[in-house]
Amino acid sequence: MSKVREQDLTFGDSLPDPTPDARHWVIYTMKREAAPYKWAGYVDAPDASLALQFAREHYGLDEACIGIIAHEHKDASDGVYSLDPLKPGNAAGDDGDSWTVFTLEKRGGNHQSAGTVNAPDAKIAIERATAAFAGPKVRSIRVVPTARIHETTESELIIWRTHDMNYKLAKGYAKDVRAKWSRFRDEKTYEQYRKDDIAKHF
Amino acid sequence: MSGAANPVSPPDITITCDPDKLAEFEQRIADGVLIEPGDWMPDSYRALMLRMAEHHANSEIVGALPEGEWITRAPSMLRKLALIAKVQDEVGHGQMLYRVSQELGKSRDDMLRDLITGKTKYHNCFNYPCPTWGDIAMIQWLIDGAAIMNQKTLADGAYGPYVRTMNRINMEEAFHFKSGEDMVLTLMGGTKGQQIMAQDAFDRWWPIALMFFGPADKPNAEELPAMKWRMKTERNDSLRQRYVNRFAPAAMDMGLVIHVCEKDAAGLVTSKRPDEAIALDEDTGNWSFTQPDWDEFWRVIRGNGPCNAHRVALRRLSYEQGAWVRRAIGTGAVATPPAA
Amino acid sequence: MTMQDMMKDPLANIVLMHADDKLMLGHMQSDWTGLAPILEEDIAASSMSQDDLSHALVLFDALAQRFGLSADDIAFERDAADYRCCDLVTVPDDFNWAIALMKRWFVATFTALGIDRLATIDDEDLAQRCRRLIPEQAIHVRHLSEWVIRLGSGTDESNRRMQEALDALAPAASMLFEPPDQSIESTENFCCGREEMFEQWKSQCERTLREANLSATLTLSPRSMAGGRRGAHADHFASQLAEMTDVRRAEPAPAW
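Residue numbers (the working numbering), protein chains in the order written: chain L, 6 to 207; chain W, 1403 to 1742; chain B, 1006 to 1261.
Among the hints, a few may not be true.
[What the hints assert, rightly or not] Listed next, with one range per pair, are the computed distances between beta-carbon atoms:
(1) L:Phe-189 - W:Pro-1621: 38 to 44 angstroms
(2) L:Asp-181 - W:Asn-1622: 44 to 50 angstroms
(3) W:Asn-1622 - L:Lys-180: 44 to 50 angstroms
(4) B:Glu-1248 - L:Lys-193: 41 to 47 angstroms
(5) B:Ala-1231 - L:Arg-190: 54 to 60 angstroms
(6) L:Pro-21 - W:Arg-1701: 29 to 35 angstroms
These are calculated hints, taken from the structure and not from any lab test.
Where a beta carbon is used, it is the ideal one built from N, C-alpha and C, also for glycine.
Pulled out of the complex, with its shape left as it was, chain L reads as follows (with noise of 0.2 angstroms):
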C-alpha cells in the first residue's frame, strides 16, 4: 500500500468548520458537429470558469466530446414532464431575450438541445418553444436564458484525447477477453455466455 494510505490515522476532536457547497452546475457535452448537447451529469463549483474546467476533464472523457455547455442549475426553468407527448399549442411571438431551449423525450431521459426561442419571461418561453420544438416525442421542454449558458470556447484546446483511450472503455477488452476465453470455453459455449450478458446481465 502506498505511503500517504498506510499512515497513522489519528484525529483531533472535532472536524474543520463545514463548507458551504458551491453552486450547482448542469452539463451537457456534444459527441460531434452538428449535433445536439446532450445531458451528461452535474458538477459543484464556484463559478462558470472552473464548472467547465471540471466537466471537460469528466465529462468530456466519458465518451467522444468535442463541446460542452453549463448553466446553473438554478437557471433552468422547466416545464410540465408530460405522460403524452406534448401538444404544440399556437403560441407565437418572438420579443425578449433569447432562451435555449432543451427537450426531453421520455422520464428518466437526458435533456438535449433543440434551439432557441425570443421571450420575455421563462413562461412564455416554454409556450413559445413548446410551439416550436414539441414533436411526436417531447414529453418536456426546459429553457434557460442563452445568457447564462456557458461554453468551452477555447477552441485551441481539445477535450477528448488523441492518444489511445481503449483502456477506458469496454470495447478495449473485448477482442482480449475472447481470445483468453478461448482457452477455457469452446466458442459456441462463449458465444452463448457473451450473448446472455448483453440480453440479461449487462
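The hints should help you fit chains W and B onto chain L, whose structure is shown.
Chains W and B only, in chain L's frame:
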C-alpha cells in the same frame, strides 16, 4: 460500483399525507411512470430516496479506497491506466449521486461529514481487505459484475434523476467488468503463482459477492415501500440466484474452485473446503450454493469488519486535509472569479 | 539492441527525460485518486495523471520500437540509475495538495516547452508523436496555472500554504534543466538551448506567480550539478521504484 442493495434499514414510514394524492402517486408508479423532482411525492418517499441515493454515493467514494491502494503497484502501464480510470469513475459516480441527493434536500458537506462521523453508512463489501493484486482482479470481476446486475434493476426504478444517473453509470460499469474479466482470465491463464493469487482472492471475494445483494427480503417485500414505490425492483434472493447462475459456471470453467471458507478478524482465509452444494438443477436452470455467513455480514455492517475503521479514517483524512482548498475557492456565492 | 544501447543514445535520453518525468508525475499523483480535496478536482487530476502516463507510454513505445524492447520493460525494468526523471518530480508530496499542485505545475510548464521542441526535430516518428501531445499538454498547463492562481490569491491560509510549497520546491525545480546525458552536457545543444528554454520557463512561471500573489527566485542549476536526470536520484526514489514494481517483482510473469 455499488448499488444500494445493502439493507438500509427503512425509517418508520408513517404515511401522513393526502390519501388522494398518495393514491395517484402510487398509481403512477404502478403504471411505470417516472417521478421527476417537480412532481408531488410523499415526504417519506423523499426521505427514503435521499437515504438510498446518499448511501449509494457514500459507497462509491468509499469503494474507491480499496482499489486505490493498488494504483501505485499496478503491474503494467495499461493496468495502471485502467485502474486509475476505474477508481476515478467511482469518484465520478459518487459526485453525481451526491448531486441527486442534494436535490432531495441535503448538502454535500453534510453528507461527507455524516459519512466520516459514522452517522451514515456505505456498502458493506468495502470493509474487507485487498491484500494482493488478485483482489483487484476479483473486485472488478465479481463485485462490479454484481453491481451492474443490481444497478440494471435500479435503472428500472421510478425516480427520474436517480434513473438518469444510473443509466449513465451503467455505461461506465461495463468497462470495469470487462477489464476485471480480462484480469482474471490473464491470471488463470498465467503462471502457477498467478493462478494461486487468483484462487486465493476468489476465496476472499466469492462470499462477499454473494452478500453484496443483501440478506433475504421479508416475505411481503412487494408491499413494503422500497418495492411498492419501485426504489428497488427485484428481490435480493432473486438477484443473487441470477448472479450465481452466471458466475459459478464461469469461475469453474476458468479453473477456479468455489470454496466455503473460515476467515479471521482481518478478513483473511484460515481454512477452506470445496462447496459441495454447488450443483446445477437441470429443471430450473438454477445453481445451488452455500449461503455466505450472515452472522459475519451483520457483524461487519455494525462496524466491526476488518477495514471499517481504516476506510472511514482515510475519508476523514481527505476531508480534513482538503478543507483549506475548499475554503480558498469559495462557493461562488459572493466571490468574483479570479482571472484565468 | 538492448536497454544499454538505448541508454547510450543521446536522443533516447532526451525522450526518456520527459517520459520518466511524466511516468513519475502520473504515478505519484494517481495515488491521490479518491482522496483529493474536492470530488470534481479529484476527477480532473486523475484524468491528467492518466494523460501523463499515456504520454509516457507514447514515448516509451517509440523507443521500444527502435530498440527492440517493450514499453513495459522500459517503464518498469530499468535499474534505478537509468531513470532520467528529475529531482523535482520524485519529491514526495506527503499528502500536501499545495506541494502536489505546485510540482505538477512546474513540471507541466517545463514539459510543454520540451515537447514543443521535440515536435520539430528531424525524426518524423518522434516529432509526430510529440505534436499530438502538444494540445493535451496545453490543457494541463492551463488547468494547473488557473489553480495556482486561485489558491495563491484565495485566502491568507491558502496563500501561505502555496508560498510554503513554492519555497520548498523552487530549489529542486532548477533541476528540471539538468542535462540527462554527458554527451549533451558537453555541447550547447540541449535540444534547442538549455538557457533559452530556462528563460522561457522562468518568465512563464513568474507571470503566473505574480497573478497568484506568490514569489520565488528561480535559478538555473549549474550544468555540472548531477541529480536524478543523470541517475543520481534521491534516496526516496528507490522506494518509489520498489513500490511501482512490487507486483511484477513478486511474481515474474509473461503477462499481467
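A quick look at each hint next to the structure:
1. L:Phe-189 - W:Pro-1621: 38 to 44 angstroms: 40 angstroms, holds
2. L:Asp-181 - W:Asn-1622: 44 to 50 angstroms: 46 angstroms, holds
3. W:Asn-1622 - L:Lys-180: 44 to 50 angstroms: Taking Cβ atoms as reference, W:Asn-1622 and L:Lys-180 lie about 48 angstroms apart, which means the hint holds.
4. B:Glu-1248 - L:Lys-193: 41 to 47 angstroms: Distance hint for B:Glu-1248, L:Lys-193 holds at roughly 44 angstroms.
5. B:Ala-1231 - L:Arg-190: 54 to 60 angstroms: For L:Arg-190 against B:Ala-1231, whose Cβ atoms are near 56 angstroms apart, the range 54 to 60 angstroms holds.
6. L:Pro-21 - W:Arg-1701: 29 to 35 angstroms: 32 angstroms, holds
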